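Residue numbers (numbering that gives the first Met the number 0), protein chains in the order written: chain V, 0 to 386; chain U, 0 to 562; chain L, 0 to 355.
Hints are computed from structural coordinates only; laboratory data are not their basis. Just so we're clear, the structure is a prediction, and the values are computed from it rather than from any experiment. Possibly wrong hints are sitting among the right ones.
[What the hints assert, rightly or not] Restraint ranges, calculated between C-beta atoms of paired labels, are given here: (1) ILE209(L) / ASP319(U): 29 to 35 Å; (2) VAL28(V) / ILE209(L): 57 to 63 Å; (3) THR551(U) / ASP200(L): 28 to 34 Å; (4) GLU428(U) / ASP200(L): 52 to 58 Å; (5) THR215(U) / ILE209(L): 39 to 45 Å.
We treat Cβ as the ideally placed atom computed from N, Cα and C, and that holds for glycine.
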Amino acid sequence: MSTENNKTLFTPANIITGIFLAIGLVITVLRFTKGLGYVTNLDDNNPWGIWISFDLLCGVALAAGGYTTSSACYLFGMKKYHSAVRPAILTAFLGYSLVVFALHYDVGRPYRLVYPLFVSPGTTSLLFEVGLCVFLYVTVLAIEFSPAMFEWLGMKNLRNKIHKLTLALTVFGVVLSTLHQSSLGALYIAVPSKIHPLWYSPYLAVLFFVSSIPAGLSMVIFEGTLAHKPWHHMMDKTHLDEHEGVILGFARGASIALAAYFCVKLVAVAYDNNWHYLATGWGAWWLLEVLGFVALPSLLYAIGSREKNIKLIKWTAALTVFGIILNRFNVSIVAFNWQLPASQRYFPSWMEIGISIFVVTVGVTVYRFIVSRMPIFFEHPEYKDAH
Amino acid sequence: MEKGRVLLLSAGAMFVLAVVSILILEAQGVGEAQANAAVRTDMVTIDTMKAYGKLELPPVTFLHDKHTMALKTGEKDCKTCHVEKDGVIVTKFKREKDTTQAEVKVVYHKNCIGCHTDMAGKGQKTGPLDGACRSCHDAKPKVSSAKLDGGLNNALHYRHTSTKELPSTLKDEATGELRKQNCDRCHHEYNKDTKKTFYAKGKEGTCRSCHEAKATKESRSMSQAAHDSCVNCHRTLALKGVKETGPTQCAGCHSKEAQAKTAAKNKEAVAKAGEGARLILKAGQPDLTLVSIEKPAEGAKPMAMSPVAFNHKLHEKNVDTCRACHHKETVACGKCHTVQGVKEGGFVQLEQAMHRASAKQSCVGCHKTKVAEPKCAGCHGLMKERKQPASAECKKCHIQGALKVPAEPGQMPAYWAMKPEEKAAAAAELVKGRGDKADIFNTDDIPEKVTIKSLVNEYEASEMPHRKIVLKLMENVKDSKMSGVFHSDPGTVCQACHHNGVAGAKKPPKCSNCHGKPFDSKQPGRPGLKAAYHAQCMSCHKAMDLKKPLNTDCVGCHKEKKK
Amino acid sequence: MKRRQFLGLLGAAGITATLGTEAQAATGHTFDGYPNAKGVLFDSTRCIGCRKCEAACNKVNKLPAPAKPFDDLKVLGNERRTDAKAYTVVNKYAGKKGPAFRKIQCNHCMEPACASVCFVRAFTKNPDGSVTYDASLCVGCRYCMVACPFNIPAYEYSDPLTPRVMKCTMCHDQIKKGELTAPGCVGACPKEALVYGKRKDLIEIARERIKRNPERYQDHVYGEKEMGGTNWLYLSGEEFKDIGLREDLGNVSVPTMTSGPLSVVPMVAALWPALLGGVWAMNKRKEKVAADEQKAAVRAAKAEVKAEAAAKLAKELEKAEKDKAQAIEREVKRALEEAAAAQKEAAAANKDEEGA
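One chain only, chain V, in its complex shape (with noise of 0.2 Å):
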């Protein structure tokens, strides 16, 4: 099936792995021996950093499109998406055990981290709720990705069990992603006084849980779009009839989502009558944030979407997962503590911008490998069964 075995190990994109993955042991040394400390620029105004903005929010945030696709196939009933689900799925799980991966670098003490859920469960905090549905989540995502790896590994029987369990592990699967998206947002609700009024909100678990649903279905196209070319050798007949009809489909329901979240970040702001912010500094970054990251790439993707335009959304793909991520950075980094005189606030250190560097890269290679051997993008022709 692979090619790979036969061409030579020292392809470009295996240098600059392997040049990240090195850099990034060497940091993961550095963390377990001199601390947290001496590895990043947290101190004790900012016990969170890129770690938590962009490993744990940005991740789990662009991991959302296995859930809604999901749902889009197997209870909307949307077959025409059929051959996305798998990808996507795939993406989810990889982007969700990263995130796991990543947190054992951010914690304190890593190997505790079986202990909210199984010595003293915390259940006043929404961090408890995050991490209770994550794991969750991750465990139905392994099970939804499995069938790929069994009929991969050709064990028929245990493959056919599991497909049987496909509808219910979907439900449970977006039930878990509503908590759990929706309870990352809530984590800052808990921090009024040290967010800009105009990101914080008592609503702000519901702009990070409808925020989500754009972000997965925008990181479906975007990085659909990345792994058409390389892998275009892997994908059938029936992915590549259907990518234009996912893209377009897409397109449209981001449009109406980030419609939608654009509505509800407007309910935010008005929440508290805090209109008057946006004649600041402050509200000049937010309106940037909301016209030119959620406004435009709503409108691009149904302009998009009617002219079937793919390669205008491909760019309000990439734009949106770019608005998402600086949604969540603005939260969780540039908004928070946003009253500290400037020498107190937090700027993240190269060795942290390593490890996600890292986390990132270790997860593009677990993709490569699996994508290259296991029926991601083709279905195995033993098990073409209608769904």
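With chain V fixed as given, assemble chains U and L onto it according to the hints.
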């Protein structure tokens, strides 16, 4: 989508980005402009148009001294901008009174801009010209006011009454020569019918008795009256060539530096005048009198405290202006503040007028402000805040003593009916029995050093120089006659530190008799012994502004214990 | 999926919604804090900034020695905060009435944010009023540091494997063991700027001080209501924001703020399966109806075609019958004609013979 559409959208996005970046930059710059505002004492807000209706443009912030200083270089005078009427400069700009809106507007524009234009023509640096409306009508002028209120205190009044430059204009009836006292130069009464002012001997009150902060139908505002009278007079003298005359510039009365200079000159003059000089010439005020209630209603039995022997001359010396006590008119308090209160006195009863501790013009209130000085604040800061004086203290003022006054048997002597001389005599009699020098116990009875060793732990025992402290406190009390009266009982000074004990006891109880364990829930307000010591000493030191020992200098009071 | 499976799912969802204990918020109970909870009252007007409290805290908790000794008062020139080696610091502020001092330490809130947000219950609000930390449970997520509105918890960032959150404990352990009768800082203060006692008594003491000396104090006891109430109360002569205490925190505690989102969780778990299952079922039904309609349409089309063909056939058959009949008729006619003609010929021949 056609290429054109994409381009349009991208252009739109770039535009939004550009606008937003500018806004962000703009917003960062805010806050610096405020810091550089100039501070001036001569700001005049020209808002005459307000009287005619809603203003079209913001009022003009006019800097008066800036203009008069500019005129000085050209050897010009007030008459450049103001008209003179009956020898008096009218403070309105280039007119005697306001006519119609259009005419007043023209007066301002023609003359202000006209003058600027002339100066610009001569090549001089000048103000805004025609067309630069907002340069004058600036809603947010970059100046802020540091104008202090001007005023005439007793010392400055003395300089006015003692100078040769201000002779009286009236002739003495007896001698036919000019009066020695020049009260008539400033003091006047007002005849509502003839609308003229005239001098009334014996009725020289304070300016503000009639001239209030805002103009009324019958009198100009204080500000207007002061500028009309004072500044004009200063100007007239200056024109005559008098060297030492009062200020005509805004800053001359209203700036901090000028006021400091004036205060210094006042002090000099007062010192030169000597110990016995009266700053306010005698014009009806008593030197020594009885303060008592006014005549009660016909047939009513009078119920009141025994009268207070009041040394008016001494009090005159110790206040800045008459208005410190005579806050409305220079008459006896009881004229407005009757026993039961009347409308004239704002329904403030006599008792409150005399005793309200929070009012500076009451007796008790004024005395209270004196104890806030660092010299006194050490002990008085430690004392409990009281709303009224303690009843044992009443007789310090309401001296009860024998009075040789004809009185009907069984009735209180009718103080209100006494003539001033009789009152003075009675007061003198009363005061004789009252001690007015601060007193303490014999030096031998005051322990020289007190060793505080009950809590020795990290530090050695504290050797307190007790006698030195007490004698220093006595020295602080020495100068003031008032403090002499209040501290005339020997044990009084001790009471600040040795509180809650028996007054006058030579051997006060130990602190540890009452202060023991801290945080006793049965005694919520009472500090433990360590805090009692530290709070007592440190509060006094802080209130008296002592630099040594500093409260944080532990070893300054007790040596460190060697381990 | 089969109907039974679906109903089973629904039932499961319903059960999850009913699990759990009674939600206090709905039943009208209020908890006004432990009745005998102790607290500390800090009177800023009494504090002289001598830092003896910092020294005592350091000693009592066996913390490492600081870089600058505690009698160095120059450090007061910088605004400091608590860190991993100092549970409490004193800061100097420029007040309107002269320099003012404030001691910073954990405020031991009545409804602590840290305890609420900790996902392993590493913080406990004890009945004695203190909020204590259990390092044996802590995972090191540092959410407590994010959530604390006063920015108090500090972290041992320099420890690679066993870092702890560090904050004031109100000397809970030492008092419980009997080593101390009041927190170390309280006992060390020479001016009794810190008073230890029952929280409700402290509020009364504070109010009494304000009443006796109104010009000395701001008419407010900080911590009485802020963030739901704290067990460390403050009195000040300067405005509280001028001594570093934020006046914009509000009176709502963090647990109250997060109770809303938390309450939604079981509802989502209960409702979503039914909603999504319903959507799926509706889709399935739509598909089935569409499939049935299609089948019916196909059948109808087939039948129509069949009927048409049959009609055509019948018509053809009829025509063929008719043709055949006509052909027979023609033949018969021809045969008759031929026969007639033959007969006539025969008759004529016969006649000829006779007539000869």
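Hints, one by one, checked against the model:
1. ILE209(L) / ASP319(U): 29 to 35 Å: holds (33 Å)
2. VAL28(V) / ILE209(L): 57 to 63 Å: Given a distance of about 58 Å, which is inside 57 to 63 Å, the answer is holds.
3. THR551(U) / ASP200(L): 28 to 34 Å: For ASP200(L) against THR551(U), whose Cβ atoms are near 30 Å apart, the range 28 to 34 Å holds.
4. GLU428(U) / ASP200(L): 52 to 58 Å: Once the Cβ atoms are compared, 55 Å apart, the range 52 to 58 Å for ASP200(L) and GLU428(U) holds.
5. THR215(U) / ILE209(L): 39 to 45 Å: Once the Cβ atoms are compared, 42 Å apart, the range 39 to 45 Å for ILE209(L) and THR215(U) holds.
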